[in-house]
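Number of protein chains: 4
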Amino acid sequence: MAGSTIGNIFRVSTWGESHGAALGAVVDGCPAGLPLCEEDIQVLLDRRKPGDSKFATQRKESDTVEILSGVFEGKTTGTPISLMIRNTSQRSKDYSEIAEYYRPGHADYGFDMKYGFRDYRGGGRSSGRETAARVAAGAIAMKVLNSLGITVSAYTFSIGPVEIDRGSFDIEESRKNKLCMPDAQAAEKASAFLEECMADSDSAGGIIECFVDGMMPGIGDTVFEKLDANLGKAIMSIGAVKGFEIGDGFSVAGSRGSSNNDAFVIAEGGTVSKATNHSGGILGGMSDGSRIFFRAAIKPTPSIAKQQKTVNRSGEEIDISIHGRHDPIIVPRAVVVVEAMTALVLVDSLLMNMGAKMEYLDRIYR
Amino acid sequence: MAGSTIGNIFRVSTWGESHGAALGAVVDGCPAGLPLCEEDIQVLLDRRKPGDSKFATQRKESDTVEILSGVFEGKTTGTPISLMIRNTSQRSKDYSEIAEYYRPGHADYGFDMKYGFRDYRGGGRSSGRETAARVAAGAIAMKVLNSLGITVSAYTFSIGPVEIDRGSFDIEESRKNKLCMPDAQAAEKASAFLEECMADSDSAGGIIECFVDGMMPGIGDTVFEKLDANLGKAIMSIGAVKGFEIGDGFSVAGSRGSSNNDAFVIAEGGTVSKATNHSGGILGGMSDGSRIFFRAAIKPTPSIAKQQKTVNRSGEEIDISIHGRHDPIIVPRAVVVVEAMTALVLVDSLLMNMGAKMEYLDRIYR
Amino acid sequence: MAGSTIGNIFRVSTWGESHGAALGAVVDGCPAGLPLCEEDIQVLLDRRKPGDSKFATQRKESDTVEILSGVFEGKTTGTPISLMIRNTSQRSKDYSEIAEYYRPGHADYGFDMKYGFRDYRGGGRSSGRETAARVAAGAIAMKVLNSLGITVSAYTFSIGPVEIDRGSFDIEESRKNKLCMPDAQAAEKASAFLEECMADSDSAGGIIECFVDGMMPGIGDTVFEKLDANLGKAIMSIGAVKGFEIGDGFSVAGSRGSSNNDAFVIAEGGTVSKATNHSGGILGGMSDGSRIFFRAAIKPTPSIAKQQKTVNRSGEEIDISIHGRHDPIIVPRAVVVVEAMTALVLVDSLLMNMGAKMEYLDRIYR
Amino acid sequence: MAGSTIGNIFRVSTWGESHGAALGAVVDGCPAGLPLCEEDIQVLLDRRKPGDSKFATQRKESDTVEILSGVFEGKTTGTPISLMIRNTSQRSKDYSEIAEYYRPGHADYGFDMKYGFRDYRGGGRSSGRETAARVAAGAIAMKVLNSLGITVSAYTFSIGPVEIDRGSFDIEESRKNKLCMPDAQAAEKASAFLEECMADSDSAGGIIECFVDGMMPGIGDTVFEKLDANLGKAIMSIGAVKGFEIGDGFSVAGSRGSSNNDAFVIAEGGTVSKATNHSGGILGGMSDGSRIFFRAAIKPTPSIAKQQKTVNRSGEEIDISIHGRHDPIIVPRAVVVVEAMTALVLVDSLLMNMGAKMEYLDRIYR
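In order, the protein sequence lines correspond to chains A, B, C and D.
This note's numbering applies: residue 1 is where the first sequence begins, and numbers increase by one.
This note's numbering applies: residue 1 is where the second sequence begins, and numbers increase by one.
This note's numbering applies: residue 1 is where the third sequence begins, and numbers increase by one.
This note's numbering applies: residue 1 is where the fourth sequence begins, and numbers increase by one.
A few of these clues could be false.
Copies of the same chain are indistinguishable here, so a pair counts whether it falls within one copy or spans any two.
Simulated crosslink set (EDC-like; lysine to aspartate or glutamate; CA at most 20 Å straight-line) [claimed, not checked]:
#1 K306 <-> E173
#2 K49 <-> D165
#3 K54 <-> D202
#4 K49 <-> E359
#5 K306 <-> E100
Note that these hints are calculated values from the structure, not bench results.
Since the model is a prediction, treat every value here as computed from it, not as a measurement.
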């Protein structure tokens, strides 16, 4: 089953295992003429790196990206862009033990059932490291979006019970603190909470929020390829995500039509706008011109040092305690992954939309 | 943009507008040899019909399906199965007015922005009627699943503030009452609540839950084609769905690894099983052998008689009140749509998985 | 295996069997705003009909097309266009006999091996009637092309040993005579040849040529999605086609670089042009601005009244003689099918190309 | 436009330019459990290398492949297999000149029209070097086929006017001589012919033939995804191929139904077989159990030292003479590329076919 490709026109195929030689992505279908260099990509990759955060894995990878094709004289050529990130800090012996049992909350059992065996080193293909390739590809998509005036911003909304105070929201702050919270006080409280979890050999979950500004209306499709459906798939495809909601999300269940509907209004300058944004910027599967806003629920890191029960491949029940270099929380490092996946979906949707009407064909071909 | 197709091997393309001549689906890639007749499909279509419920549209369509191809002597032949449902109760004059303005909560504005104009009669392609084609195709997928011992069951969990009591859960009951609630008392309370909404010219939302039993482990992929990502996309592609969560969903944000992880255990008979099911039956993108369980949030019907503000195509702000034959709540009629979309995803995943290992090729070809 | 869909953005799915209720196509991804009515499609369908030609099947179908969706107020809306053609002249009893044996030159044996059984009536899905759906869909693609100044013209180059005289080439003539030959004298000779074949209870093959004018340069891709590769696939997917060649085709094997290369020259008006067209209008997978020119070899109709040897499903060798309403030659009726398939490939390629460079995104979105 | 991917389940994406850092392929969807090491791939890559042949480019690349992912403990894991081949012998300065003009017979002009500019070094993405990635991926497909008893063999049928004598056919010989001809005498004559061409600063074309043994019947689809249509596309996607024919190919145009039809017979052992093989092993788009046999026409290398006319980017007509390290004939090095592309198509078709009937689902899942 070929499951490592996303996108129709802007098509990304990723590859690589946690403890293999390298990870990478092939980005096929990027429009020609986009200025691109390795530094453009490195900026996003660096946001994904654990850095010196005590709340992140102690495995230190430089995550240096190489562009192997598709760029010439500083611009994309329209041919596939191959990106590679060498693994340098594998310590496979950490994992020899887990070859024999199924870690709770992990894909180990599924791999064995599906394929008959698995590359057990560091979770193999299911490792969080796989997201490095997503971020590298997403960085290119982000450059395309930015050139059209579209921006994508994600941040940590909550960690365990600690939520941000929307009154103190400051997106710049989220780029500074190690937990990616746009509220310094909340970040401090969350840090304290995480230290508690770690002391208890346990891990925590949280919620990531993401918004998109500058998206033109009418992008996406009305049936299976709804823009929110594609965003939902892309975000749910990030390991550890257990829920996705757009706009008012699950709270719409308790609201009424009269309060959930967003009135259309005429904004200054005479353009159509909306008085509220319960829809989260997408109506009937197409962008409605408002800010796109969605949320993702991230489960606690399943690898914990705390003792757990599980079974081994010989069919015996055993007690285990997972050591190694694991993040006690996935949320902060997943923030930039959410941005990357969002960018991939939006660029592909924009490209798919270019054939929406005859008038566009006339603009290009006549 | 071709957005009316879903699936890779079991591939469904739907077509049709609310007030066109007919609606339909082409199901390509259905395995040959499946017993199939129109009655098999009609059963599911009938569950989607408004019937004599006062909580559903008063537009009465027989929704009679015709199989136009792909079935011979009572069995699928492996060639495309074309399904058609004639529209018989169009009353397009109801809609002439809405041609000129953008209904809040609807796709009208998006259509105009994307395509330059729209078939405004009854919402055109964005009508809830489009789901009839999904259900017809889903009925075929369901037969494939059932033949392998897999069952899919959805029901209404809540309507507005009224939730079912899990202690009184009775799936049979959900097939009897008009609100599809598996709890007769909750259904009664919800009816009262809906009458209130209707008296107020308003509408309500709710939550649908769905579970799958009998799914073998290891189905789905570990990266972009995660089984939960594909389920999420399929469910989010149903109009009015604003959120999707699997297993513990958004509540994982507040849990810890030690409580969120499901311990693997050895069940009677020696098979691997799980002590709990926080994962909702999917780990790392692949089924884990437990019940698959997910939830969808459905927004209130946007078409309400209550007065609303909006703008017209001439750029003027106006007050409107939408009359016509609208459901005051979408939830009960969407239950079978959720089942249908789930079946489509599962069958395609099972077919995609058949090339997972060399051993399977040997079983078929040697 | 889902094999009845072609195209990425302009995506056509066909369905239907020779002796089922109907045949049809769903065209998803057609740009909105294209003027379209049933007559536009009927014109091409009528060219495919046997008419009163004695060289075509005596099965008389009106092949009347219905547009069931996707068109509103005379224009395409951007949503799927569903086309249906009812079968009216089935005479299934003609075919009861062939259920039991494998006709030489036909797909019967393959169907049984692949699916375990088959709809044997008139060849089922493998019937030439399947091409009616292709032509109906192709008619829409043709309208898109024409609106951009692109034309597609196919004709019969040869029937059996009778070839056209290129000196007498007259495309108008090919629309008049029943053999679609652009040379009246050749058509007369070919008629005499066919009468001979028919008298001998036998059938004949031939060659179709096709050219495209007005194609802008740079369309197609340089690797797997070469424009000639996609044309080749589309043409080879027409039943009975056994060969495809572009430009000088097989004769390049005997030529030299110096004679096969086309010199670029500056045409009047200063545009780049080519002094010759050995390439057939495509270089390196992309259109080069010259006339696109290719040829297809069509085998003789395999259904012949002449006695043949074959085997039945019980594994016995038998002698058969196939009666029924068969064309003694496929070529003339396939001419419009070649045009239709060409149009489908070209439109999809033009749509796929719209994201080729950043400048195009700017033209649409800024 | 994303055009560097081929296959639905066994999906290959290639990347890389002639003078970039490296070339490669990502093979996603390879069944797990296939024994695989770099040497398996190197064997085919070495057949593609120019070696010390005087009839091949003097650019000497070791073409050493690295497997970067998807293989663990000597077996494929089911996850993407990333293959990389470093370029080591680029001499970009050879090409600075061609940046300014359009080489006849090359993709240069198309690139400029499509993307606005191009990586002109060695033809960039359109270089014959791109096929190294195809061969590397094809080697994996070949291993899958071989494990099922299927073999693929291509060879040179003709070079310029020199054809092999079918009476002297010896496939082993084709693996020994530098021209891949299965007839030593013909190879000698062809060598003499090529020396003549080279002395004249010119190049030659030829024909490659390919056959497949051991293919089970019923593989392929009956409409757009006909097995011969997919083979045609894959072969036409190889640079320089201008024609494709299967079985009797273009000669069917002159034959009659009675002589072109292959009689089915009962072979020893009671299996269904065919008395002749005019079909080339495929009927109605599906394999018929006979040897699959097809031919491809290869044009002369367009890069020749002989003087030619062309135009430059400033719109002036100029005379050029192309120097550098070019093969005077493409045919021999394309033989293994034809095998590789064939293997890719066949494996994907076999995998797509696994869901053809309910009985197969039962075999895997019950």
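Here's how the hints hold up against the structure:
1. K306 <-> E173: Close neither inside one copy (33 Å) nor across copies (43 Å); limit 20 Å.
2. K49 <-> D165: So K49 and D165 fail the 20 Å test inside a copy (26 Å) and across (45 Å) alike.
3. K54 <-> D202: For K54 and D202, the Cα distance is within 20 Å only inside one copy (14 Å; across copies 51 Å).
4. K49 <-> E359: neither (45 Å within a copy, 34 Å between copies)
5. K306 <-> E100: within (19 Å within a copy, 63 Å between copies)
In summary, the numbered hints that this structure violates are 1, 2, 4.
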